[in-house]
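Participant: For reference, the chains in residue letters:
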Amino acid sequence: MQRFTSALFLLGLGVLIAAIFRNMDLAASTPIVGDAINAAAAQQVGAANFVTSVVLGYRGFDTLMELTILFTAATAGGLVLGKPRGDARPDPEAGLVLRAGADLFFPLLLVVGLYIILHGHLTPGGGFQGGVILAVAFFLPLLARPGTPMSHRAVSLIEGLAGASFIVIGLLAMPEGQAFLTPLLDKGQLGSLLSAGSLPLLYIAVGLKVGSELAGLLAQLAATEASD
Amino acid sequence: MNELVLMVALPLLTAFLLPVIDRLSSLAARWIGPLVLLLTAIIGLSAWSQTGSGAITIELGNFRPPLGIDLYVDQLALLFALAVTLGTLLLWPAEGEQRLRQSTLALLLAGSGSGLALSGDLFNIYVLYELIAVVSYGLAASRGTAAGQAATLRYLIVSAFGAALALAGIALVYQATGTLNLAQLAQLAPTQLNNGQGLAAFVLMLVGFGVKAELFPVNTWVPEVYATAPARVAGLLAGVVSKLALLIIVRLLILLFPQPEALTVMLVLGILGVLTGELAAWRARDFNRMLAFSSIGQLGIMFIAFSIPGKAGVFAGLAVALHHLVVKPALFLLAQRWGGSLEHLAGVAKGSPLAAALFILLALSLIGVPPLPGFWAKLLVMIHLLEQQSSLYALGAWIIMAGAALEANYLFRVASSFYRREAAATPPAAHRTGDLAGASLLGAALAAAVFLIVPLADRIEAMAGQAADRDHYIQTVNPEPLP
Amino acid sequence: MNLSELLIELLLMPLVAFVIGLGMVLMMRKIAARLGRRIGPPLLQPIYDIIKLYGKRTQISHGLIHEIGIIMAVGGYVAAETLLPVPGMNGLADKGGVITLAYVMMIPSLGMALGVGQCANPNGSIGISRALTAMLAYDIPFILVIFGAAYVYGTTNLADIIAIQQQQGVSGWGLMQMPLLALAGMLALPAVMGKQPFEIYIAPAEIATGPMVEMSGKFMGGLFVMQCFQLYTAGVLYTTLFLGGGAYWITFLPKIYAVVAIPMAAAMLFPRYRTEDVIRLMWKWPVLVGLMGLAVAMK
Amino acid sequence: MDTIIILYTGAFGLIFIGIAGIVLSRHLVRIIFAIGLLEAGANLLLLLATWRDGASAPIIVGGRVPALMADPVPQALVLTAIVIGVGILALALSLALRVQHAWGTLDMRAIRLRLEEEIDDAAGIEPPTSADAPAPRPTAPATREGGA
Amino acid sequence: MTPLDQLLLLSALTVVVPLFTGNRRITGPLATLLYTGQGLLLLRMAGLGYGSETPVSSAVSLQVLGLELHWRFDALSWFFALITIGAGLLSSWFASGEWAQRYRDSGSSLRLFHAALALNVFTMLVLLASGELLSLFIGWELVSWASFLMMSLGSNTALRYAMRYVTYAFAGAMAVLMGLVLVYTRTGSFEFQAFRDAVPSMDADTVWLLFGLFAAGFGVKMALLPFHLWQAKAYAETPGPGAAFLGAISSRMGLFAMIVVLVQIIGVARLVELPVPFTFLSGRDLLAWVAVFTIIFPTFTALRQHDARRLLAWHGIGQGGYMLLGILIADDLGSAGGLMHVFNHATYQAVLFMSVTAVIHRTGTSDLNKLGGLVARMPLSFLAMLIGIIGLAGLPPMNGFVSKWLVYRALILEGSPLLFLGAVIGTLGTILSVYKLIHNTFLGQLRLEHVDIEEAPSSMLWPMMILSTVVFVTGYFPGLVLDWIASVQAAVGLPVLAHHLGGVHIDKGGLDMIWVVSVLLAGFGVGALVFLSGNRSKRVHQLDNYAGGHFLTADTRYQYSDNFYPGLMHLIGPWYRKSFRWLEGGFVSTVDTVSQLMQGLYRHTHPAFYLLAVVVFALSWVMGGD
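Chains as they are written, first to last, in this note's numbering: chain E, 1 to 228; chain P, 1001 to 1483; chain C, 2001 to 2299; chain D, 3001 to 3148; chain F, 4001 to 4626.
If we strip away everything but chain E, and leave its shape as in the complex, we get (with noise of 0.2 Å):
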């Protein structure tokens, strides 16, 4: 009965949905902000990559929100699972493909996360991508050696700090008087791996908290799963 009402409901949403689409005047979208932006972004911000110039400059209130988020997540994850507990018997090891392709993947991934990173501010990418290959590096060693255990002390000091050093590089600027994450330092040559101010930075730090997050995340998700 519940379902068939959800159809009824569904199908009218179909019909809603479908008005909407018809009505909307898919032709007089204008991203005057994007435009803007984009006309105006090398200047202002001097990231080669404006997508980059959005995510820290422009927007970085929204990113540092969203590595708050994340933080909150880990977070609230860990009060939700609580401690593993310690009789837990580990998943028995795995096989040596995995163990050796963990073993081989480990340094690529993290040079490939970093340099991800590193040059978010000029090439598709940035922090977000990289901090999960990051993620990827550090949590793949864990699937292969279930034993082995993360440690949690680093995780959550890299976790900390890199946050933190967020906020602080946005504080930095105010008591210049200038409002909270204006973009610090010399702007450089657009294009060049030292430019676009303090954002490189700020990439770093965001790299290394998404990294940190995610790993810690799916640890003690891992953890949680293999003690029951």
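Heads up, some of the hints might be wrong.
To be verified - Facing chain D, according to a computed beta carbon distance under 10 Å, are these residues of chain F, among others:
| no. | residue |
| --- | --- |
| 1 | THR4605 |
| 2 | HIS4606 |
| 3 | LEU4611 |
| 4 | VAL4615 |
To be clear, the hints were calculated from the coordinates, so they are not data collected in a lab.
Just so it is clear, the structure is predicted and the values come from calculations on it, not from any experiment.
The beta carbon of each residue, even a glycine, is placed where N, CA and C say it ideally should be.
With chain E held as given, fit chains P, C, D and F onto it using these hints.
Facilitator: Only chains P, C, D and F this time, still in chain E's reference frame:
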């Protein structure tokens, strides 16, 4: 004014560093959170007087809006930022072995709540809303019981569903206007959002953000979560977080969607909320769920009030919201020990007379007995509802009245059972000093408001006037004109 | 009228009432006897009875209230008589009126009730319960009738009522103006007088155990005196309301005796009513007739 | 123009499927994934909001500025939204994991009944009983002893 | 500081003082002293009562939300305040001596009792002083909750009924609030004058709505049918002197508000113009009939009570009907009767409650089946009760007769036979009922366990005697009260009653109580002479009783008290159907069912469903416009 950013940044910074600090000194970790909140509250208070004459914007990253994100600081926003900070401080939800994580979440709540109140960018609001949602999931589940986690999960599903729809609504707005800055949107709204698409976007955002504002009927999570979460958390959610979500909706209404259709949707849902909430509360058999349903009813009143067009609606709604902001947390502080079945509360006044007296004071104000502040708020709502000369608004007024009568019945059924001569077999434990002190503080504030009602009303009216003034918002932010 | 004349009137009126009341008691007993094919008592029998009762040696008092009750029973009627105009004497008619009279008439009942209550005799209590119930029964039609009369005449002053009727001769009588109300009053009258067949409250058949057993000597005498007044009051009131009252004693006396005699004679043919039956009876016909009468009278 | 219609159809379709998945499923994990789908749809909608045919990525490579650049804002927004989605997904799964461990079920109906029972239990409320009440409905399978 | 401010200040002080003096013996006398002070301050404004002074306003006024609140005293307020303070004074005196000792020893808080009493007086004064609709409402609510506090000091039963009261009272208050907000939206002001000016231009529907809201809201406090269920038990279970106070004046606040709004502002003339659809009645008739049913039903409910306090409390409800009825007649006689009955009722009802409390104080019970024969033990209490019941029953020579006479007379003049009949039926029922009260308490058989009890202590007797004197004297010289009534009538805008010390003189049959009472007393004198002319009687012991020739031993219970009127009950018993209780129960169970449904709504298995549903509904509504 830049330092107001610290109201957001400092709690977040502390939260990030809390695990590190705990490593160094657990005593410091225990105290730094409240201290930081106190500090931010002082920062906020010191800025208070400057916002009286007019609102201010803070252009984050020194980017002129609409390119960058701005914080819009008017008295309303600052008040709510202060409310969330002080509320968190008062209802500091950290206890037990997960103290550290709970403190972290509490700091995050204060920071993100302040941010939400101040933010002047549509997408940023979405992000902050999600942030506060995640914080509340964590806090709601923090008791660690399976029931709490199941309730949180059910909450999460509705909330995430709603948030995704709100995101779709934001996409529709962006499609129509190409900007996300609220001030610029306000400029463009009369031409570009005054159509079906705009209203569809509003509905999606209303429902999405309404989940946290306990909007009927996406509030089914409320009784479950309030019954299973720690009482202080429930107090925070009901008292503070719900108002923040409401604040967003009100901002959207004022700036983006002044169409009568939008108001009517809110009015109807508000009426249904009052009706269902108060009726369900009438039959509730445990303290927490009674408070939960009553909170649904009260939020319904706020929705009704805010659906009155113009400054009057903002004024009336704000009065109810602020009143509830004081009363509900205090009640939940009492629920900390009285959380169980109502039958167990018989004769409890003998053991804890102060708590019983507080409950009565709060209940009196909640149902709107003069001269307590709740009465003035209700009176305002009633006057403005009936001034609309529309039968739907009048219906709202009648429903509010009937709801209040029901509420009087069930609240005083409980209150009078406190004074029954024969006590229950298993009376609840006495309140802890902290809970009682917090509740007393709020109660004292309520009582003090009786004597300060005249200046308070003037302040709130000024605040409402400022908040309801679209042009003031646009001029203050002064978005860069774009082709 | 000066004060001394009024005071004399006030003294005279109860006295006259008492004498006429004695005659009525005598008449009642005569009628009852005649209906029972007996001769009945001699002319002065009521006076003998009173003297005998007051002179008895054994007089049991159950306390002060017992005595005060009897005093109230007599005193209430004494006061009532001053409110009831008779030919030549208006008394306090303009200061009380018919409503006051109706309420003053309840005081003797209350006094008797108090006195009997003090006796602590369960049968006494039962009797009072019956008496008060009966009062509730007959007072409803009675009050209806009073209302109707007062409304139609436009005054509650009994002297005025008489004057109005006297002006127009027999056709101006209440009986002619509002026959239905007069009929209702007539139906209720026997009950107001508390005589057969509405005298269950004194339980005459169970005299050995009834409430009267506590009333010895002058207590009984007091009740006897009260009975005289009771008959007189009911008769005069009805006459005043419906039969044109009296301008002269010559016409007045026959009227009031007839008012008492006719319904009583008819009523004696009926067996005694139980309390419930009194209510049922009184609330049915007299009330119905009275309401109809009111409707007619008020148009 | 056709491309954009197809793309929009995809976005709305994802939203629709997501919603359908949420309301028609009873298994929590499915619902959680359906929410992911819905978010993907919403993200796509956001991306499409100012989509222009033929615009290039808003990156200056080697100092060459493209003639028509895509709007960088939605891209940044979507990036944020995705990360948010991940965070919520992770938390949802953690919760589901705990619930599954505690009660041995992820069926919405069973969870609802069990939840109510536990709340009443914790509050000390006797379940309402009546002589003519229907037979008790089957509750969630008992897992307290057989969970591990 | 006007005299009004001084009065209110002193009254507030009276609330505070008991909180400090606490449970000590001094609290009662101190409070009594303070009430005396209030009384003196009130007398400073006596010009109001005699119509020689313009209304006294308070120096305090507030401006909240752009609404002005101010307070003032006029003749109407003064008259009610006089009763209030008088009742407070005597109740507190009554509660000062031995009663306080006993109350304290039973573990109750004397501090709370006196504070609650003073709070009641204070809030009532605030209500009476209200100068516009908003302060009227505020005062109204304060009074409601103050009396709730007083009621909840009693037993569990009292608490339960106080709870019921809260429900009714608050629902009523909401109705009133709705009404005054409606007025505000029509007139833009809460001032009485603005409302009065706007009434002529309002259409019939609006006036009906306002009439209904105000009558229902204020009617709750007056316990008008069908909102009367809460009152009797709540008042009855309130601690003795508190019950006397509440019974005397508390409900009358509803009448006060009704006079202000329905008579003074809307005006009875306007109510007469409101037709009740499908009938030939008007709005005023409707309310008058409600008043008459309020007289009849509660009176006959009282007849069935076997607890003295409940019996009195039920009568209190019934007597309220006379007041309303009288005021609704709205001519000089009727309204004077209604207003005077407020005063009279307060006096005799307080006496009766005090007398019953004295009995409880000595015997420990107010159950009429467990009392009897106390007249010889507590003669003065008996006298007080006797005077009280004569007043309550409305028989001469007590003051209750005068006010009822005025009402009856007005009804005859107006020509409303059925209303008149209803009022009389109520009076007759009252006589039956009060006789039962006095018989079962003071007359009949003395119980063995009560053989040794003594007269009530002097702290109780004094207030009773004073009040009894007032009941008698104002019956003898009703002009004393009618002076005040006339100024009240002038203040309210009703026709003013021409009166003299003994009553009223009208061509068509007036009333002069001085003569009536004098001849009554003379009649009693004659009766006494007649009685004393007989042979000396012999006083027997109270326990020396025979029935049917058998000696009735004192240890055999033969007191005839339960089911005192079997004949009557045999007939009308089946008419007691508890219809109102049934009505209330039906309403409650409807709410319960709906509430259950609502809870079910919130217990949905899949909450996301609602989200979908509301999105679909809302979207289709807003899109439907295009």
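Participant: Now tell me if each hint is right for this structure.
Facilitator: Going through the hints against the structure:
| no. | hint | verdict |
| --- | --- | --- |
| 1 | THR4605 | holds, 5 Å |
| 2 | HIS4606 | holds, 5 Å |
| 3 | LEU4611 | holds, 8 Å |
| 4 | VAL4615 | holds, 9 Å |
Comparing the model with each numbered hint stated earlier shows that all of them hold.
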